[in-house]
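Hey, can you work out the whole structure from these sequences and the hints?
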Amino acid sequence: EDQVTQSPEALRLQEGESSSLNCSYTVSGLRGLFWYRQDPGKGPEFLFTLYSAGEEKEKERLKATLTKKESFLHITAPKPEDSATYLCAVSFSGGYNKLIFGAGTRLAVHP
Amino acid sequence: GAGVSQSPRYKVAKRGQDVALRCDPISGHVSLFWYQQALGQGPEFLTYFQNEAQLDKSGLPSDRFFAERPEGSVSTLKIQRTQQEDSAVYLCASSLPGTSRSEQYFGPGTRLTVT
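Chains A and B are the protein sequences, given in the same order.
My numbering puts the first sequence at residues 993 to 1103.
My numbering puts the second sequence at residues 54 to 168.
I should point out that these hints are in silico values taken from the structure, not numbers from a laboratory.
According to the in silico footprint, chain A covers these stretches of chain B (three or more CB under 8 Å from chain A):
#1 93–106
#2 155–168
Only pairs whose alpha carbons sit at most 30 Å apart, straight line, appear in this in silico DSSO-like list of lysine-lysine:
#3 Lys64(B) with Lys1034(A)
#4 Lys1061(A) with Lys1051(A)
#5 Lys110(B) with Lys1034(A)
#6 Lys64(B) with Lys110(B)
#7 Lys1034(A) with Lys1055(A)
#8 Lys67(B) with Lys1034(A)
#9 Lys1051(A) with Lys1034(A)
#10 Lys1034(A) with Lys131(B)
#11 Lys64(B) with Lys131(B)
#12 Lys110(B) with Lys1061(A)
#13 Lys1034(A) with Lys1071(A)
#14 Lys1071(A) with Lys1049(A)
#15 Lys1061(A) with Lys1049(A)
#16 Lys110(B) with Lys131(B)
#17 Lys1060(A) with Lys1049(A)
In this text, a Cβ means the ideal position worked out from N, Cα and C, and glycines have one as well.
Spelled out as structure tokens, the structure:
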């Protein structure tokens, strides 16, 4: 069964304390892995797309990496404004263009 | 703004009522998706349109759910005879002509509460 699992469910960090979020997936024929940020009461906001193992992308304090089984979202020296839920999603061969999402990691960064 | 818009933002319906949720995708985006998001969960796929053609409706939970995009732009998700389990946030997303490698851009969602 095609599945995406994110860990941890929730993470509390002090401002400046770097950490990583994990997204593991089991799909046949990965086409793309997507990271989104979701603030309360809003729709998911696109962050990154990764297509193949070994690929990395960076944006400000965020860096996403991809292996054949999982992806990591590394957060370097986070600030309180990085607090949000981070969602991971995959698209796959035979799935048309739909995304399968994980349940997300709720990140809280405290000053 | 040129983002995806949805209306209404909030909808309260009594059990058994019909509701209609609207999505205006980003101009020029051919692909349109509907997702359902329960509290504390990730979005779950409902249905997919490419232009006016509904290519995948495998995620619609029952025949009470119906979606259309008659002119290949605005889309409406209709839920007939609403039930309490239909309470959720309904998200619309659009993407450029597309492939499964294209990122999807989401609207703010419609929060549906069935009482």
